[in-house]
Amino acid sequence: MSESVIRLSGVTYRAGRDFAIQNLSLAVPRGAVYGFLGPNGSGKTTTIRLLLGMLRADAGRIDVLGHRVPEEIHRALGRIGYVPERGHLWPHLTIEQTLATHAAFFATWDATRAEELRRRFDLRLSQRISALSKGENGKLMMLLALATQPELLVLDEPTDGLDPVVRRDVLATLVEYVATTQASVLISSHLVHEQERICDWVGVMDRGALIAEVPMQEFRSGIKRLRVGNVPAVVDAAPFALLSREMGVGRAETWVVRGWQATHAEWISAQGGALRDVESLDLEESFVELLRSGRPTEGTR
Amino acid sequence: MCDRRGILTMRLALALVVAPSVLTAQGEDPLGNVRRSTTRAYAEWREAREAWQADSLRRATLRVLGQFGGATVRSDSTSIAESVARDLGAELELLRDDLRLVLGPLADSMLARSSVSVLYDPPDARWYRYYAAGASARLDLDGSMSSRYFSERTLGARGRVRDWLDAAARDAVLKRHEATLRRWPGGAPSFRPWTDEERAIVYRGLRLSRSPVAQACHDGAFAACRVALAMLPADADTVSLWYDPALQRVQIAERGRDTIAQPMLAPLHRACVQRGDDQTCRDMFLGAGVRAPLSQLARAELLRLALVAGGPQAFGRLAALDSVGVAEALERISGVPADSLIATLHAQILQGRPTSSAPAPDDLLLAGAWIVLAMLAVSRRRIAP
Amino acid sequence: MTAFPRYRALLRQQLILQRVDIALLTILAALAAPAALITARAFDTSLGSAERLLATNAMLAAFSTLHLVASAIFLVVRAYSADAAVRHTYAASLPIERGRYALLRAATGLTLGLLPLAGFAIGVAVVTAGVALPPALYAYPVALVCRYALAFVVTFALAFALQYGAGRRASRIAVTMILVLTLTVVFAEIAEQPNILPSIGRVLVSPWSPLSVFAAEWKLFDV
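Residue numbers (the numbering used here), protein chains in the order written: chain A, 0 to 300; chain B, 7 to 391; chain C, 206 to 428.
Source of the hints: derived by calculation from the structure; they are not laboratory data.
Just so you know, even glycine gets a beta-carbon here, dropped at the ideal spot from N, CA and C.
There may be inaccurate statements among the hints.
Restraint-style ranges between C-beta atoms, simulated for each label pair [to be verified]:
1. C:P339 - B:D368: 28 to 38 angstroms
2. B:V70 - C:V380: 45 to 55 angstroms
3. B:G374 - A:R127: 47 to 57 angstroms
4. B:V70 - C:V408: 50 to 60 angstroms
5. C:R373 - A:E2: 33 to 43 angstroms
6. A:G65 - C:F209: 51 to 61 angstroms
7. C:R373 - A:S132: 24 to 34 angstroms
8. C:R373 - A:R167: 38 to 48 angstroms
Footprint (simulated), chain B over chain C, 3 or more residues, beta carbon under 8 angstroms [unchecked claim]:
9. 224-231
10. 269-283
11. 298-308
12. 361-374
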């Protein structure tokens, strides 16, 4: 595996009585666009704040760009472009003043690039931050992140709440930057279809735990919906992961499986079952099935 | 007895009584003070005596805590009464040493005829207010009686205890040696050295006085200091020596605003300021109050210095004085030249010069240390979003 | 990166945030000395001019100490609140150690505090120049301004340490302390019990205390 720009090992964090990150381990390869998927409240933002040193983990180890977090995170932050979930800029400043402040702290600030992005995003220098719309704020945060020429971009729901036009502009700018600089990206979102287009790795988080971390291609192709007749009595030894089963007519069932390969049809036949259909799921359906498989159904323990 | 010596003494005493009686401004009348403090002390004595008589049975049961400075100290057996009694006892020990310096052997005999009783005052609870427990201290200092109440809230204020004892001692000495001390314009001597605050008050008073005599005294002209201390012949016009008619007129003119508040003064004001009537100016000047260049504090301190310098028998020599000038009286009491005493007083007054309010190097160092500590504490703290 | 561009950036940010507040504080500071002089002259008219000017000292001490304490606390709390309003996210995302960021904030706050200090100095200078001093009474404007400056810096440092050390809890701690003190004093007055406030005051301005700078005489005029 190539070197990781972000590595979390056994990270545990508790916030209050009801929420915790439990024994989380993930790695973002260098040069990858890592999609961080999960429903609302799954711990994505908390994980991002942990790896940026804004929160202190109770246990485990975090390394970002080769620096230990939180002890040395300030050394890495100069090479990271961060877009938080909510606006974090000082509301009383104008865009021009915000750019000047940001430039003062980042040695790699590219004023030409910043101006170019400002024009592209149609942001006026005299606009006050407090007066920006959600879309303008989103664009400005992306501008600030990209104008520092970062090696690593950490984006927390960067397009959340943006209209389709703005979302497209922001993502296009991001993709263009990544294509030209080979920067690494960690982008968290619950908008699965958006991640599908740009990410080459995916990590799925649910209830404070990472339930899947695979290349995007594998994730997309690995989850199938099967229609099986004469369902075998025992399926524990199946060479694939059975995510869910739904009763059909007679002894037929609909299975959602992960890790499916064509050769696995022989195993079903060997067990006396009849494989009637194999259906590919899109990323969103795969994501939903993955989450459902990880949660106990109602009325069961 | 109408012998010559007695007549001269009476005349001198009368002259000394009359001369300072013109100094009526703002507590600067030493004999007035003597009279007022005597009257006050007498009223307290009567009140204390009546209370004592009413409590005679109780006094019989008070515990004797011991002899402090020669005075017997008794108290109720409650913690607050005993605490007040011990504070008083400790201060009486200090007072005894100061009295010895000033009065010589008279101090011990004075305290031997003294006693202190501290009675417990129980708390008084009412529906709207709760009075804490306290203690009443009754002081019989050589027949001069006074009382003071100490509540639990005022315990620990030792300075106030000492102030009370000092005032009581002055009253007692005045009563016992009234004839002697009436000769001295400062009244009773002080019994302890000046505090820093008193020194500063005297210094400021001297510097801010409009009298040219005050400035000259400050600058070291001891002859001017004599005038400022009213060390003058009995027939001297003290007020004019302090403030000449021209200066009196200037000050009356400056007080012009007062005539607006008191319209009946307007004709007098015009007579003085516009028509130059010196006598009217003097009358107005005296009526508004004359401030002595050196206050009663200074005169009391000068007498103390003389008595201390003169040793244990100095007060006896004061009592035995016949009619002599004040300066000569001081020399006979102390055995040193009057100017030497004045020089000592002058040096003490100059020590009262206020210090600059600019931060000293020590202040800067201390502040710097605290600032560094504060910044270190902050620099190590993570600011968690 | 060197510290100066960062300091300048934060200074500009804080100045923009607090320009109205600082203007107000500066004007109030400039008015402290004239107000004290006017108030003192309203006293007993039978006092001589020297006494009136000395009475100014007490008024000026009250005005100036209140003002500098309020200024210091205000500068600290407003700057912190601006960061706290966005949960310190922006500050935490900057490539600078947290401790250094806090020290930069302290530096910018102290720098902005120079403005009310200058206002105070101007007010004192105007009063000193405009007053006809009687003989033997002098004005000590430089000493007074120096004391004001030292007191401001110490108060600012303490307030800053409390705010940035305790974070969100700082205001709760301060309010709790004030509430406890107030209730204690009120109870002591009602019940005629020993009042602890003078004892606390003595400790706070004792010679080794950081607040000992307030214990000295604050005087513009003296002999």
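To see whether the hints hold, each was checked on the structure:
As the Cβ distance of P339 of chain C to D368 of chain B is approximately 33 angstroms, the hint placing it in 28 to 38 angstroms holds. At about 53 angstroms, the beta-carbon gap between V70 of chain B and V380 of chain C stays in the expected band of 45 to 55 angstroms. About 40 angstroms separates the C-beta atoms of G374 of chain B and R127 of chain A, a value inconsistent with the hinted range of 47 to 57 angstroms. A hinted range of 50 to 60 angstroms for the beta carbons of V70 of chain B and V408 of chain C is inconsistent with their spacing of about 38 angstroms.
About 39 angstroms separates the C-beta atoms of R373 of chain C and E2 of chain A, a value consistent with the hinted range of 33 to 43 angstroms. Take G65 of chain A and F209 of chain C: their Cβ atoms lie about 29 angstroms apart, and the range 51 to 61 angstroms is violated. The supplied range of 24 to 34 angstroms is met by R373 of chain C and S132 of chain A, whose beta-carbon atoms lie about 30 angstroms from each other. R373 of chain C and R167 of chain A have their C-beta atoms about 39 angstroms apart, which keeps the hinted 38 to 48 angstroms range intact.
Counting residues of the stretch 224-231 of chain C whose CB lies closer than 8 angstroms to any CB of chain B gives 0, so the stated coverage by that chain is violated, three being the minimum. Check on the stretch 269-283 of chain C: 0 of its residues sit with their Cβ under 8 angstroms from a Cβ of chain B, so the three-residue criterion for coverage is violated. With a cut-off of 8 angstroms between beta carbons, the stretch 298-308 of chain C has 6 residues touching chain B; three or more are needed, and the interface restraint holds. Residues of the stretch 361-374 of chain C with a Cβ under 8 angstroms from some Cβ of chain B number 7, which satisfies the need for three, so the listed coverage holds.
Violated hints, listed in ascending order, are 3, 4, 6, 9 and 10; each of the other numbered hints is respected by the structure.
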